[in-house]
Every structure is written in structure tokens, then in C-alpha cells.
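Residue numbers (the numbering used here), protein chains in the order written: chain V, 1 to 521; chain A, 522 to 601.
Fair warning: there could be bad hints in the mix.
Computed list of lysine-lysine pairs in BS3-like fashion (alpha-carbon distance at most 30 Å, straight line) [claimed, not checked]: (1) A:Lys562 / V:Lys113; (2) V:Lys507 / V:Lys381; (3) V:Lys375 / V:Lys422; (4) V:Lys137 / V:Lys125; (5) V:Lys243 / A:Lys600; (6) V:Lys243 / V:Lys422; (7) A:Lys562 / V:Lys243; (8) V:Lys375 / V:Lys125; (9) V:Lys375 / V:Lys386; (10) V:Lys375 / V:Lys507; (11) V:Lys422 / A:Lys562; (12) A:Lys600 / A:Lys562.
Examples of chain A residues lying across from chain V (beta carbon under 10 Å, computed) [unchecked claim]: (13) Gly540; (14) Thr541; (15) Asp548; (16) Leu550; (17) Gly553; (18) Leu555; (19) Asp556; (20) Met561; (21) Pro576; (22) Ile580.
These are calculated hints, taken from the structure and not from any lab test. In this text, a Cβ means the ideal position worked out from N, Cα and C, and glycines have one as well.
Here is what each chain is made of, one letter per residue.
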Amino acid sequence: MKGFLIHSPLLHYAQQTPDHPALSFQGTQLSYQELDTSSSQLAHALVNAGALPQDRIGIFLHKGLELGVAIYAILKAGCAFVPLDPFMPAERLAYIIDDCDINILVSSDALIKTLSQLTTSRSLKIAGVSADIPFEKIERDTISDQPEYPPEVIITDQYLGYIMYTSGSTGNPKGMMHTHSGSICYANWGKDHVQLTYTDRVASHAPLHFDLSIFDFFSTLRAGATVVLVPETVTKFPASWTKLIADEKITAVFTVPYTLITMYEQGAMDSRDLSSLRWILFGGEPYPRRQLRQIMTALPNTQFTNVYGPAEAPSCTCYDIPRPLSDGDHPLPIGRLSLNSEGLVINQDDEECRAGEAGELCIRSSTLTRGYWNKPDLNSKAFLYKPGPGPFPTVYFRTGDRVQMGDDGYLRFLGRMDRMVKTRGHRVELDEVESALGSHNNVIEAAAFVIPDQHASHSIIAAVTVRISSDTNPADLIMHIRAKLPPYAVPQDLIIVQSLPHTSSGKVDRRQLTEHYLQNH
Amino acid sequence: MKTETLRQYICTTLLNNAGTTIADDEDLLMSGILDSISVMKLASHLESECNIAIPAEDIVLENFSTLAQIQQYLEQRMKG
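Okay, chain V solo, but in the shape it has when bound (with noise of 0.2 Å):
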């Protein structure tokens, strides 16, 4: 092991206060020294069945305590975890297990009907399965018989921690890849802007592939407090949701906007007390005021921030909401570079913005991805190499997001670039959407666009156009994607038409497309 890693913090914990609870789930819990040493046994079960360092092994678990074990265990080992999401379709989980060259997982009996439907050439060992399922285990009992302490790994703060994988527009998602030492700088940052400490009861609500969960790991963990982590149901059931916030006395949570619209107006806060809740940190999508200014009234000591960053450079700018919020409905700033962030703001010419004009935000961040993995072209086009002060150009990543500086000193969001959209919290390249239903044989065109939900964000629909000789119906098509997409990215509706509307250029009209949808739905 050389330098800080990401996991030196349990190793650290273990010693200074190793019967601290360090993750929690519905009421049974694993201290520090517990994670240390259950996640010791299992790097070196990783390492027996052939775990080399800077393999990738996926994490295909449903959130529990053996999730966190997972994490830490595939970092001693010096390998680099790879969330896979439960919900999602076997095929995408294939793309994802051959993309990266999974040779590992680490699953369980309650994902075992994924496991058998899955389709892939790779001969995968599975930990953490004791049902019959077609690939090689690694049985349990060998692992619990696993010396208690790290495997002797050779580990530098450069090497991958994690690659998380997100929409990309070709149809196929794409791998983040991150280093220990981003990782370190995104939990610092986290650690100390919440100003986290051992009695903190942190709530890991994001599923592991999403970034937010790297705060709620990481940044406790730093701070050697608690990770109560969530179970995936509760987050659907607004109610549920504030009664563990509660129960638990959670004291603070990195969320999206629509998780607390929803909490708010559907009353679910009225009946609790929630005052143990000291910071909200949300991202992800843009919070109107309006609704904003509803929940910190209800929440009158919650300190409230909005935390901007692309998965690729998380936590790159954030802004401390301050008290009373201001009225008028103008958007919320994304607030200042953080310390481990600088950015430029270029037009169509890759050129430096005058003061205040609107362009492209380019950011350099200690917490930068190394770039996608396996994916060379896209890693051309995602960023910009500007001359640095040596020999080496100074890299840039384009993050797509307009921005303009105003004159507080604040950057405000106006925008996308491209065809990214965000759907509570998700992100989703609508080109995919539009791809995963091109590949239906009997569709000519497909078109997706998002109209405004009622929570602040965006719902999907799809307008198509079918082969007239076919029988092809809504559900036949919404059926076929949603073995291609994750959940979050399949249409809320899906309309077949006669035609697509185009513009004179060529391109589908998908504004005149909405505006017509909204006419009309």
C-alpha cells in the first residue's frame, strides 16, 4: 500500500474505534473493526480466485451491509469496483460485464434470477451465491476462512478505485473511470464542507451507481461516523422515507431535488420530527425556489446546499443556500469553484468567455475522471487540452452544461449543450432512448423528448413511427427497451404516429414534437 487511499480510512478507524458502528441497515449494524476484517476475508477471496491488480469486479448487490463489505474488499484487494444496478435489464448488465472485463462479481441469492438470465461468453466467479446458478462460485466458507487482515497488494493513490458507468448516446452506456486520489479529494471535500464528524448519521439513499453514493461511503467513512444505508424500497414511499429519517436520527443526506419535493408535498414531513437532520446537500437537477423555500421553512435549522458536478468531475462548484431565501423565482446559482476546481467558460471556438457571457463550462477538478473506459474517441471529444504552464497541455473536461458567471461572483446553470436530459436526479442521453428503440425491427424512426413533471423534473416520451404492415403496439415497444434501459430511462409514455415532424434541415422537429405533445396530453 503506498500513500492515502481511499480505503486508509477503515483501516484507521478499525484501530481508533473499532466497535463504532460504521454502516447500519434496519437495525443490524457492522463496526468498523467488523468491516475491516469482513472486508479483509473477502479481498483475499478475490485474490485467490485470480483477482489481479486493477481488475475491474462488479458489485451486483441490492443495498446491505454486504454492499459496504463488497466496496472495501475489492479496494484492499487493488481492484476497481464497477456498480451494477439491480433493476437493470440483463442485457445492459452483459455490455457493462464485457465492456470492462469483469471476470468477478460479487452478488447474492436474491438477485440469482438476473444472474441465470444472464448472457455473456466471459466464465464469471461469483461471490456471495450459494444458489445454483450457471458460473462459478466462490462458496462462502472459503471466505469467512480468510486471514482478517488486508492482502499484501501494492496499491498507488492512481490506480482506479471504481468505474461508474452512465448513459451514453450511442446506445450503449459508458464507464467514468476514477483514481484513489480523486476519490480521496470528492470524500475530503464532502467530510469537511458538512463538517462531518463521528456522531454523524449519514443516509445512503443513491443506488451505488450513482455518484452521490461515493459522498455517503466515502466522505463518512473519512470522518469514521456512520453510513445508514437505505433500502431501495423505502426511497419510493415518500412516508416510509421520513419515518427512517427520523428513527435513525439521520443527521445529514446527499439527495436529489425530487426526492424532497415529493417529501414535502405529499405531507410526508408533517407528521415527523426531523429536526435531527442538520444538512441537505442536493444535486443533480436544478431546485426552483419556490419549492425550496417550502422545505427549509419546514426544516427552520437544516443547513441547505446545492452541490453542482458532473459524475465525470464531481462536487465542482456548490452554494450554501442562505437564510431567508430571496424571492422571485430566478434559478439558484451552482455557486463557486470548489477549492479542488478550476474552470473555464468557453464559446462555439473553444475560446475563453468574455466576463459574463454565456458559454460552455470546462472544468479541471482533483476529482476529475481519468476519462471512459475503453472508449478513446469519446475521450477525444470530452476534453479540452488547453498549453499549461510545463511541458504537458493543461486537460479540461467539457462538461455540455451552459453557464454564465454573474456578477456576485456565482455561476448559474442555463443549460444543456447536448441531448442529456436529467430525470430525478438520472442521467439519460436521449439519443440512447432513441437507439434502444431504432433497434425494434419494425420501427422506421423514433423521437424522445421530455416535457416538466410536476416535481420539478422531466418526464420521457417517445413519438414513433411503425411499419404499416405491422401490428406493432405501445406495449410491444416499451417491452423491447425496457430489456435494453435502465428503469429510469424508459418513456413514462409512447406514442406511435403517422409521422414524425422535420425540420427544414432534415432533423425531427422535437419542439414542435413537445409543443404538440403538451397540446394534446
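Place chain A on chain V using the hints.
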């Protein structure tokens, strides 16, 4: 409301796929059949169909995880 009517509503309206099969005790959340948006649609549909009010504190995991639980909740609510 009969379990069959409920099942049909979830399959045809919420999932847009009449061909889906859902067992009475199947976990609607963990299997990905329902998500946060469809739970809300389902609750407001039940309110209008059964002519009852479903308070926010009742829209919880314990009442909405399976067809059988929803059925049981509705029966209780309609009695009370």
C-alpha cells in the same frame, strides 16, 4: 376492488404491458414493477376507484409491497 382488477390496472396502465404476470405475493418494488412515480399513480387511482382518501402516512412500504398487502390495506380502509 378485486385483486384481479388491481393486477390488470398495474399491468396494462402502469406497465403498459398486459402480458406481465404478477403473483399475489410478488414484491412489486424489488422486482422493479413499481417505482416512486407509479406508486403515486396507483394510490390516486385507488382513491378514485374505491372512493376513499389515502393519507400520505399510509403510502408506505408495509401497505404497498405486494398485491396482497394493497388488497388488505384497501379492505381495512373501506371498512374503517
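Now for the hints, and whether the structure bears them out:
1. A:Lys562 / V:Lys113: holds, 28 Å
2. V:Lys507 / V:Lys381: holds, 23 Å
3. V:Lys375 / V:Lys422: Holds. Lys375 (chain V) to Lys422 (chain V) sits at ~23 Å (cutoff 30 Å).
4. V:Lys137 / V:Lys125: holds, 5 Å
5. V:Lys243 / A:Lys600: Status holds; Cα separation ~26 Å.
6. V:Lys243 / V:Lys422: holds, 27 Å
7. A:Lys562 / V:Lys243: Holds, at about 22 Å.
8. V:Lys375 / V:Lys125: Cα-Cα ~26 Å, so holds.
9. V:Lys375 / V:Lys386: holds, 21 Å
10. V:Lys375 / V:Lys507: This hinted pair holds, its Cα atoms lying about 27 Å apart.
11. V:Lys422 / A:Lys562: holds, 21 Å
12. A:Lys600 / A:Lys562: Status holds; Cα separation ~23 Å.
13. Gly540: Nearest chain V Cβ about 7 Å off; hint holds.
14. Thr541: At about 9 Å, which falls below the 10 Å cut-off, the nearest Cβ of chain V leaves the hint on Thr541 (chain A) intact, so it holds.
15. Asp548: Asp548 (chain A) check passes; min Cβ-Cβ to chain V is 8 Å, inside 10 Å.
16. Leu550: holds, 4 Å
17. Gly553: Status holds, d = 5 Å.
18. Leu555: holds, 7 Å
19. Asp556: Hint on Asp556 (chain A): holds, closest Cβ of chain V at ~6 Å, below 10 Å.
20. Met561: With Cβ-Cβ at 8 Å, under 10 Å, it holds.
21. Pro576: With a closest approach of 8 Å, the Pro576 (chain A) hint holds.
22. Ile580: This hint holds: Ile580 (chain A) lies near chain V, its Cβ roughly 6 Å from the closest one there, short of 10 Å.
Violated hints are absent here; each numbered hint is respected by the structure.
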